[in-house]
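Keeping the supplied structure of chain A fixed, place chain P upon it in accordance with the hints.
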Amino acid sequence: MAEASDRDLVLRTRGGEVDAFGEIVRRYQVSVFNVCYRLLGERRDAEDLAQEAFLRAYQRLRSYDEERPFGPWVRQVAARLCLNYLERPAPSSFPLDEENDWPAATGEQPEAQARKREREQTIRRALVALPAKQRTAVELRHFQEFSYEEIAVAMGLPLSDVKSHLFRGRKALAEKLKSADRI
Amino acid sequence: VPIESERHLTDEDLHALLDGELAVATSVRARAHLATCPTCPARLREIESVFVALKALPDLPVRRDLARGVLDQLALAPTKGRRWIWVLGAQAVAAGVLAVALGQPAAAEWLALASVRLQLPSTWWLELLAWPRAGWEALLSQAQAVLAYGPSLITQARPLPWPTEGLAAPALLTGLVVLWLAGNSLLLFPRSRGADAPGEA
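Chains as they are written, first to last, in this note's numbering: chain A, 637 to 819; chain P, 306 to 506.
Just chain A, with the same shape it has in the complex (with noise of 0.2 Å):
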């Protein structure tokens, strides 16, 4: 049998199919859970959004053109939630989580698998050590290719504004992955 489209799905969740929004969420979860994870850079945390911004979809499933594609907006969604979540009055430390649970890499020497683990921490905490929005502009525009334009939205922020976050966000990444590499 053929796979159901997310317009499908969408549309029989907004029908009352309660069960069709569980599979959408099966479908999304390992993106949006990166989302999260790259800005919050805690596993546990990152879980919770993720979690929170399908429900959050859910309950704005009205608003949503069903023309447009799923993935895109319900990551902007939790994107968004990250960033209120980072920028919440108590201030928060996100020391990131020693993964091991990394995708397997075929036909990988150990050594050079632990090299490119390492180089991936390495830019995972040059990321969560980002100020919020530096990290969200950075987040939205390179894993989720928005324009500038279309993060101003996201983000709410005027077009200088989203420029200068992402300027200084990829600035110090480049600072941090070059004294990185010297090490």
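If a hint is listed, it holds; no wrong ones were tucked in.
Beta-carbon label-pair distances, calculated as ranges: (1) P:S332 <-> A:D644: 36 to 42 Å; (2) P:V402 <-> A:G707: 50 to 56 Å; (3) A:R761 <-> P:F356: 14 to 20 Å; (4) P:F356 <-> A:A638: 35 to 41 Å; (5) P:D316 <-> A:E639: 44 to 50 Å; (6) P:R336 <-> A:K807: 20 to 26 Å; (7) A:V666 <-> P:R336: 36 to 42 Å; (8) P:G480 <-> A:V654: 40 to 46 Å; (9) A:V666 <-> P:A397: 45 to 51 Å; (10) P:A435 <-> A:R650: 55 to 61 Å; (11) P:V357 <-> A:D797: 21 to 27 Å; (12) A:R704 <-> P:A340: 36 to 42 Å; (13) A:Q757 <-> P:S332: 32 to 38 Å; (14) P:V398 <-> A:G792: 45 to 51 Å.
Taking lysine to aspartate or glutamate and the DMTMM-like style, the derived pairs with C-alpha atoms no more than 25 Å apart in a straight line are: (15) A:K769 <-> A:D684; (16) A:K807 <-> P:D324; (17) A:K769 <-> P:D316; (18) A:K812 <-> A:E781.
Just so you have them, the derived chain P footprint on chain A, three or more residues with Cβ under 8 Å: (19) 657-670; (20) 683-689; (21) 746-760; (22) 775-786; (23) 804-818.
Just so you know, these hints were derived from the structure itself, not from any lab. Idealized CB from N, CA, C, for every residue including glycine.
Just chain P now, with coordinates in the frame of chain A:
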């Protein structure tokens, strides 16, 4: 801002070039400058290294099934809202039925008969129930007086034709019950509404 091929590219130009956010003509001039400039290509490569690093980040697997959690939450929220609405409705109906029943003159006789049949040891509660019934009776008779007397009150300033002290206790109790029910409804209505209907996140 147009880019002249002689001047160095700003950081903003370099970022916008890599993001594909420059106009075509501006982008052509920027690339022409990069082809001959001794310093700008190194700056471009530094920014580009961030693009490469971020692109290399793999997605990590999610350890728990978020769908289960989402569906559980969705199943829980509306039920919770509806349950409270039912409890409130039942309270309001019970209070109304009780108030009307106690106000009936026949209620006292019926309760006294039930007390005898059930062989209840004490009838103190019958005396207690006489109090709200008397209040109801007073309220009803005074309401009738208002209906009869009301029109003349509007045209002439005259003292009220009934004693107000007998009404104080029933009026206070009724007011408290109404306020309590209304307060509960106001508190619970947004929650039940939020759980049932999609809203702004």
